[in-house]
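Asker: Given next are the chains, with one letter for each unit.
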Amino acid sequence: MTDRPELHVDSATVCVVTDLGRLAGPARGLAVNGALDQFAARAANALVGNAPADPLIEATGFGVTLRPSHDVLMSVTGAPAEPAVDGRAYPAWAPLSVRAGETVRIGVSEAGLRVYVAVHGSFDVPRLMGSCAPDSMIGFGTQVTSGTVLPLLRSHPPLVNRRFGATVFDFGIPRDVGRVSSVLDVIDGPDAAEFGTGLQRLYDSPYTVTPRINHVGLRVAGAVPRRSVTGEVLSRGVPIGAIEAPTGDELLILMRGRGITAGYPVLAVLTSRALDHAAQLRPGQTIRFHRTTASAATAAYLERRRLLDRIALRARTAFAALV
Amino acid sequence: MTDTRAATTMSISPCGDAAVRVAVDGDDTDRVWTAVHRLAGWLNHGGIHPTVTAVPTYDAVLVEFDPYYSTGEEIASHIRSWDITAGEGGAAGGGVIDVPVLFGGEAGPDLEWVADVVGHPVPKVIDLVCAGEPLIRCLGGPAASAMTDGPDFGVPIPRLATPRLRVPPGAVSVAGRQTVIGPVAAPSGWRQIGRTPLDILRTDTDAVVPYRPGDRVRFVAIDETAYAELLGTPMRYRHDD
Numbered sequence: 001m002t003d004r005p006e007l008h009v010d011s012a013t014v015c016v017v018t019d020l021g022r023l024a025g026p027a028r029g030l031a032v033n034g035a036l037d038q039f040a041a042r043a044a045n046a047l048v049g050n051a052p053a054d055p056l057i058e059a060t061g062f063g064v065t066l067r068p069s070h071d072v073l074m075s076v077t078g079a080p081a082e083p084a085v086d087g088r089a090y091p092a093w094a095p096l097s098v099r100a101g102e103t104v105r106i107g108v109s110e111a112g113l114r115v116y117v118a119v120h121g122s123f124d125v126p127r128l129m130g131s132c133a134p135d136s137m138i139g140f141g142t143q144v145t146s147g148t149v150l151p152l153l154r155s156h157p158p159l160v161n162r163r164f165g166a167t168v169f170d171f172g173i174p175r176d177v178g179r180v181s182s183v184l185d186v187i188d189g190p191d192a193a194e195f196g197t198g199l200q201r202l203y204d205s206p207y208t209v210t211p212r213i214n215h216v217g218l219r220v221a222g223a224v225p226r227r228s229v230t231g232e233v234l235s236r237g238v239p240i241g242a243i244e245a246p247t248g249d250e251l252l253i254l255m256r257g258r259g260i261t262a263g264y265p266v267l268a269v270l271t272s273r274a275l276d277h278a279a280q281l282r283p284g285q286t287i288r289f290h291r292t293t294a295s296a297a298t299a300a301y302l303e304r305r306r307l308l309d310r311i312a313l314r315a316r317t318a319f320a321a322l323v
Numbered sequence: 001m002t003d004t005r006a007a008t009t010m011s012i013s014p015c016g017d018a019a020v021r022v023a024v025d026g027d028d029t030d031r032v033w034t035a036v037h038r039l040a041g042w043l044n045h046g047g048i049h050p051t052v053t054a055v056p057t058y059d060a061v062l063v064e065f066d067p068y069y070s071t072g073e074e075i076a077s078h079i080r081s082w083d084i085t086a087g088e089g090g091a092a093g094g095g096v097i098d099v100p101v102l103f104g105g106e107a108g109p110d111l112e113w114v115a116d117v118v119g120h121p122v123p124k125v126i127d128l129v130c131a132g133e134p135l136i137r138c139l140g141g142p143a144a145s146a147m148t149d150g151p152d153f154g155v156p157i158p159r160l161a162t163p164r165l166r167v168p169p170g171a172v173s174v175a176g177r178q179t180v181i182g183p184v185a186a187p188s189g190w191r192q193i194g195r196t197p198l199d200i201l202r203t204d205t206d207a208v209v210p211y212r213p214g215d216r217v218r219f220v221a222i223d224e225t226a227y228a229e230l231l232g233t234p235m236r237y238r239h240d241d
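So the protein lines, in turn, are chains Y and C.
Just so you know, the UniProt record's numbering puts 225 at position 225 of the first sequence, and the rest follows in order with no gaps.
Just so you know, the UniProt record's numbering puts 198 at position 198 of the second sequence, and the rest follows in order with no gaps.
A few of these clues could be false.
If you only want the chain Y side, here are some residues facing chain C, beta carbon under 7 Å, derived [as the list claims (entries may be wrong)]:
1) A27
2) P190
3) P239
4) G259
5) I260
6) R291
7) A294
Note that these hints are calculated values from the structure, not bench results.
From the three backbone atoms N, C-alpha and C, an ideal C-beta is built for every residue, glycine too.
Just need the whole structure built from these sequences, with the hints factored in.
Answerer: Written out as structure tokens, the structure is:
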């Protein structure tokens, strides 16, 4: 064991170190990328007293097994999961004190797809334009596989008794915080008019999530609205969450790794809140799109961000009192 | 909003709760493009809020923001009060990049098809692509691709009905009235007419690609021998030593 704290990854399948995204990327032609479930990523960092944009682990579809070299404070959020430390189960969405050498197993339940693991002090990983977010198109990022060793910037003294986690650390997190909705709120897109009355199909029809889902996009199968006008269009910036109809039988929802420009018209755009839900969808699930307004979407988003502010404040206060 | 001096108009449409699209319309495409890049420059330098970022293209700016700090309506009202005609500037670049291209064959599987659409023999099409020094209008997807005005073909080039799953790094492709140089392997629905042997993208520097909007490119036709010799040479400005 070295003096430098590290996190040993004993098993991982589809797993990366990421953050909230490369905010300087879009202006220079790169996708923003970053955690697909932004709320869960922010919450994981808040729960261990990290800054919102600190690097953390995103595990997709499969669980991870981790073993810290030093005492650490970690948190698990995202898809419903029950972390186990040396075989003993602890709640997710709460700070979790892990001693040096203990083994933490984190599964991903069928009720979601992506789990986030933050460690107090975060990881020392390479960055590009200030962000560690992987970009599959340019081949940048820190992949996590079995045997990966992630350098930690700090250790954390053990909290006296892990058992008090749920009671002492009452951060006011609602019980259903990780619940995934299969109804996605969307706002009519800038090109909605090109689809005329056909746009209504988007709101009337169920869609099935296909296996083709990744950081770039999520394809769903179902009744595709037809465009009523045609013609060559100049490439334009496309928003994250844009719903496009490039083929006859599938809709494409653009995620954070999308190429920043495209020539397809945008029917509708997922709200920020709906993007977090979309990040947790599994192939085969049935979803529906629900039309909402920008002001309603902003209100829903602010409610969640204010919850994060409260968690972050309470976590910082609690740890400051303990350490 | 109409500004008769500039003969350009802006229209702002919501794109969800975290972005708006600003489309600039006008008869003079250079003027429209300059306004688009000036607006993006102002936004990317914190004109409204540090969390507001802008993706400028030919005639539009995608403005993205964190709805925690601003709303689309606030952003739109700031942009409407921004003077579309004031000041100098626009896209930052001003350099020239020579781009050697191997046309046709495996490097450009759609070259003959494009020649058919254009109605010229292949050598004439290559001459048109290599004529002049088109401006890099914007950096687009995927991965900071250099997007320029297309060659003077006289007709728009239709995209592929079914996009290719992978085109190689360095592909030079056309669609509509645009040309694109793609730094990385990616799916594409554009018509690939050639390929440059130069290395375009690197991830050990924040610049990532060696060009900016406002730079110009000169396509230079090369043969397979030259292609092999140049393979892996870093792309850079003509006057760099």
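Asker: Against each hint, give a clear statement of whether it holds in the structure.
Answerer: Results of checking the hints against the structure:
| no. | hint | result |
| --- | --- | --- |
| 1 | A27 | 5 Å, holds |
| 2 | P190 | 4 Å, holds |
| 3 | P239 | 4 Å, holds |
| 4 | G259 | 2 Å, holds |
| 5 | I260 | 5 Å, holds |
| 6 | R291 | 12 Å, violated |
| 7 | A294 | 5 Å, holds |
When the structure is compared with the earlier hints, a violation turns up for hint 6 alone.
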